[in-house]
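Those protein sequence lines, which keep their order, are chains S and Z. The first sequence begins at 777 in my numbering and counts up by one. The second sequence begins at 128 in my numbering and counts up by one.
Hints listed in this document are in silico derivations from the structure and should not be mistaken for laboratory results. Please note that a few of the clues may not be correct.
Unchecked claim - The calculated DSSO-like cross-link candidates involving lysine-lysine, where the alpha carbons are at most 27 Å apart (straight line), are:
no., chain 1, residue 1, chain 2, residue 2
1, Z, 241, S, 778
2, S, 856, Z, 193
3, Z, 193, S, 788
4, S, 908, S, 988
5, S, 856, Z, 148
6, S, 855, Z, 203
7, S, 856, Z, 142
8, S, 791, S, 851
9, Z, 266, Z, 203
10, Z, 203, S, 851
11, S, 856, Z, 203
12, Z, 193, Z, 149
13, S, 791, Z, 266
14, S, 856, Z, 150
15, Z, 266, Z, 303
16, S, 855, Z, 241
17, S, 851, Z, 148
18, S, 788, Z, 246
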Amino acid sequence: MKITTIALNTFKEAKRDRVLYLLFFFVAVCLIFSRFLALLTVGDRVKIIKDVGLASISLFGMLMAILMGTGLVYKEIDKKTIFTLLAKPIHRVEFLLGKYLGLVLTIFIMTVLMTAVFLLILFLHTFTIDWKILLAILYIFFELCLMTAVALLFSTFSSPILATLFSLAFYLIGHLSWSLEMLIKKVKAGAGRVVLQALYIVLPDLENFNFKTEVVHNLPIPTSLLGISFLYGVVYTAFLLLLAMLVFRRRDFI
Amino acid sequence: MGKVLELEKVYKSYKLGFIPKKKLVLKGISFSINEGEIFGYLGPNGAGKTTTIKCILNLIFPDSGKITIFGEDSLKPRAREKVGFLPENPYFYDYLTGREFLAFYADLLGLHGKAKEDKIGYFLKLVGMERAADLQLRKYSRGMLQRIGLAQALLNDPALVILDEPMGGLDPIGRKEFRDIIVNLKKEGKTVFLSSHILQDIEMICDRVAIILAGEIINQGYLGDLISEKVLYTEIIVAGLPPSEFSRLGESVTSSGDRVLLRVYEQEKVDQVISLVLQKKGKIVSLIPRTETLEDIFVSMVRNQ
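Turn these sequences into a full structure, and let the hints steer you where they fit.
What follows is the structure, encoded as structure tokens:
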């Protein structure tokens, strides 16, 4: 109940700050890039539109998750709006979860809108709807939920600029850590390999959520992989939120 | 009379700077507030007033010491169920309108339907913000924010109202309205905790006061006990006579035109001044006995430290 109220208020804030206008940028980027890239490349135009569209949804969602997520808690403390809120009989955990869910809701609605535009553009080119695309977008959304938790965690103890840098670093590491996996296969068994394996477990692997190539090129996706990726997302996000709560629970609001 | 709020030896330090340096802000604060009184918490800027309030509301955690609200440990959210709070220089979600802002807090408190609408309407009227109810808070002035903030603090029908510098940013009429509202809260049986550095406000409405200086409570008690009723001196303004006439009776502070302001310390000499004026056909413009004020006590205490 209290969590819902805080979440809806967070969504209202995003709406009133005209965040949803980002959609127009998305449409422009989608249209212009798919047109230009189609001119420059030889091959299937529809595949390029799909590629650009999925990449744009991922990029815009990521920008929202990081830029809004890092300011989520910091702004409340900086503007002292948190004082009257926490003076009410509210658990700090409820506050934090409310904020998180509010932003996830905002990102969800934005993703739905972007998907609708994207499908429309595709439909105008092919006159069919490829429902498999939705699967790729669903996993992009899971990744965005995780990134929101990352941004929220950093925003509980650092300023927005630092938190943004940390989150971007997390994102980059997350998309490059697959190379670590390859390295592990090449290193001989021993201490070095154990260290690398430990590192791989701790570092995020965001490529788990990337089904763009498979969907665009119509490659088969094993169901077990989908299941593991989903589970990975849920566990990692829960872990990040738990960390954020631990930091937030004992924090002084000076 | 039950204790509404109790603080026992509360210590708090902040770690500040790049290489953290400990700074002790509260040095063993202890006081308690009885049910139904207006308690004034008085101190100069930076004495630790707001820090104390944040400790009570669990916004910061004391290093040691115990705080109980209605007998409940302040660390539990339940302890804050019957508490209303207005912070100093309140900041609120500026993208909400006044009405939406109150609705948000009403939702958090679990109010809905007609009860919610009625309550919002009632409090908007109480703080005089009806006409600005549908304006976004970013367009509010400081005094208006203060008013809507008070409405927010009273929304849950609290038994204890904590107000941090409630009169800051208000115009004279607003201050009077706020004073009336606070006195009314007391009449409704609520307990009020009021922090301020404006002595006049506290002197006019508080039953008991505590004075905090550099993180320590240096005096507390009933206002009547702290301030003696003894007349310190009498100020008399006389017209139509030269200051030299009174040189033996009291000191003349200023004179302008044909008026002289005299400060007379003994009661007999006051009588002598009056008879002298009557005898010489002068005029007494005013005669005011000055008693000790909270300000006198406060200033002398701050000086002594």
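Cross-check of the supplied hints:
A hinted pair counts as satisfied when its Cα atoms are at most 27 Å apart, and residue 241 of chain Z with residue 778 of chain S qualifies at roughly 19 Å. Only pairs whose Cα atoms come within 27 Å are accepted, and residue 856 of chain S paired with residue 193 of chain Z is accepted, the gap being roughly 25 Å. For a cut-off of 27 Å, the pair hint linking residue 193 of chain Z to residue 788 of chain S is broken: about 39 Å separates their Cα positions. Of the pairs offered as hints, the one joining residue 908 of chain S and residue 988 of chain S holds, with about 10 Å between alpha carbons and a cut-off of 27 Å not exceeded.
Restraint check for residue 856 of chain S and residue 148 of chain Z: satisfied, since their Cα atoms lie roughly 24 Å apart, inside the 27 Å limit. Proximity of residue 855 of chain S to residue 203 of chain Z is assessed by CA-CA distance (about 25 Å); at most 27 Å being required, the pair is judged to hold. Among the hinted pairs, residue 856 of chain S with residue 142 of chain Z is consistent with the structure: their alpha-carbon atoms are about 20 Å apart, no more than 27 Å. In summary, the hint linking residue 791 of chain S to residue 851 of chain S is supported, as the alpha carbons are separated by about 16 Å, within the 27 Å threshold.
With a C-alpha separation of about 36 Å, the suggested pair residue 266 of chain Z and residue 203 of chain Z falls outside the 27 Å cut-off, and the hint is violated. Between residue 203 of chain Z and residue 851 of chain S the CA atoms are separated by roughly 25 Å; this keeps the pair inside 27 Å, and the hint holds. A C-alpha spacing of about 21 Å is found between residue 856 of chain S and residue 203 of chain Z, which places the hinted pair at or below 27 Å, so the restraint holds. Note on residue 193 of chain Z and residue 149 of chain Z: the hinted pairing holds, with a Cα-Cα distance of about 21 Å set against a maximum of 27 Å.
Of the supplied pair hints, the one linking residue 791 of chain S and residue 266 of chain Z holds, its CA atoms being roughly 18 Å apart against a limit of 27 Å. About 22 Å separates the Cα atoms of residue 856 of chain S and residue 150 of chain Z, which keeps this hinted pair within 27 Å; it holds. Between the alpha carbons of residue 266 of chain Z and residue 303 of chain Z the distance comes to roughly 24 Å, so the proposed pair stays at or under 27 Å and holds. Distance hint between residue 855 of chain S and residue 241 of chain Z is unfulfilled; the C-alpha atoms sit about 32 Å from each other, more than 27 Å.
Between residue 851 of chain S and residue 148 of chain Z, the direct Cα distance comes to roughly 26 Å. Compliance with the 27 Å bound is thereby established for this hinted pair. This hinted pair checks out: residue 788 of chain S and residue 246 of chain Z have alpha carbons roughly 23 Å apart, not beyond 27 Å.
Comparing the model with each numbered hint stated earlier shows that hints 3, 9, 16 do not hold.
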